[in-house]
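Take 1 as the starting number for the sequence shown in the UniProt record's numbering and just add one per residue.
Just so you know, the hints here were simulated from the structure itself, not pulled from any lab data.
Quantities reported herein were computed from a predicted structural model and do not represent experimental measurements.
Do not take every clue at face value.
In silico DSBU-like cross-links for lysine-lysine, where the CA-CA straight-line distance does not exceed 30 Å [said to hold, decoys possible]:
no., residue 1, residue 2
1, Lys-60, Lys-117
2, Lys-133, Lys-70
3, Lys-68, Lys-52
4, Lys-61, Lys-97
5, Lys-52, Lys-70
6, Lys-133, Lys-68
7, Lys-133, Lys-97
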Amino acid sequence: MSRQSSPELSDSELLEGLEEKFDMGAERERRMQALRNESQRLKTLNETEYGKVMTYGDEKKLIERMSKDKFVIIHFFHPDFPRCRIMDARLEELAPKHPHTLFLRASVADTPFLINKLGVQVLPCVYVFVDGKGVDRLIGFEELGQTDQFSTTALEFRLQQSGALPSGPMSLASMLGKIKKDSDDEDDDDAFRDKSRRGKVGIRNGLAFGNDDE
Numbered sequence: 001m002s003r004q005s006s007p008e009l010s011d012s013e014l015l016e017g018l019e020e021k022f023d024m025g026a027e028r029e030r031r032m033q034a035l036r037n038e039s040q041r042l043k044t045l046n047e048t049e050y051g052k053v054m055t056y057g058d059e060k061k062l063i064e065r066m067s068k069d070k071f072v073i074i075h076f077f078h079p080d081f082p083r084c085r086i087m088d089a090r091l092e093e094l095a096p097k098h099p100h101t102l103f104l105r106a107s108v109a110d111t112p113f114l115i116n117k118l119g120v121q122v123l124p125c126v127y128v129f130v131d132g133k134g135v136d137r138l139i140g141f142e143e144l145g146q147t148d149q150f151s152t153t154a155l156e157f158r159l160q161q162s163g164a165l166p167s168g169p170m171s172l173a174s175m176l177g178k179i180k181k182d183s184d185d186e187d188d189d190d191a192f193r194d195k196s197r198r199g200k201v202g203i204r205n206g207l208a209f210g211n212d213d214e
């Protein structure tokens, strides 16, 4: 009995198989390069902005920065308000403990657009953003016992309720969050207007700031 010969691949089938393997290898290399680039970017961010409270004086750059990180906590302050300085001190204690969250601060005098759109009227005011969306805000010391002696632990617990202080290891992609294209900058006005209509991110006409120190 003659042995049945195994089917032979045609030249075209062989070429298709080789091309598929080549494409898979190229795709794997592209992914590895993207991971290396992302890792380097994360390393740079960690060395420059994470683990401390960063001050932004340019409102446009602040908006761009806020839109590019997954977890953002921003303190709107006035340099002459003692309670704003207290909040700064507490946030500076928290920042090194939460390397996955970007801590920012900005003077109300430097951010008129955001102050108006977010309806900030009482200081200190801390806003929480997750994936570029305003999810929570902390006004004055109302939820911290209405005392200047509130603990950093109390502030940490309150901010954890917003989901902006994740614990444990995170992937690079999760930590960096969604990255928007430069063209999205043109939609900042509409985006913040939309956020201001939802839930806790209410907007009220006027900029009559209340000093929570009183």
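So, going through the hints one by one against the coordinates:
{"no.": "1", "hint": "Lys-60 - Lys-117", "result": "14 Å, holds"}
{"no.": "2", "hint": "Lys-133 - Lys-70", "result": "9 Å, holds"}
{"no.": "3", "hint": "Lys-68 - Lys-52", "result": "17 Å, holds"}
{"no.": "4", "hint": "Lys-61 - Lys-97", "result": "25 Å, holds"}
{"no.": "5", "hint": "Lys-52 - Lys-70", "result": "16 Å, holds"}
{"no.": "6", "hint": "Lys-133 - Lys-68", "result": "11 Å, holds"}
{"no.": "7", "hint": "Lys-133 - Lys-97", "result": "23 Å, holds"}
Comparing the model with each numbered hint stated earlier shows that all of them hold.
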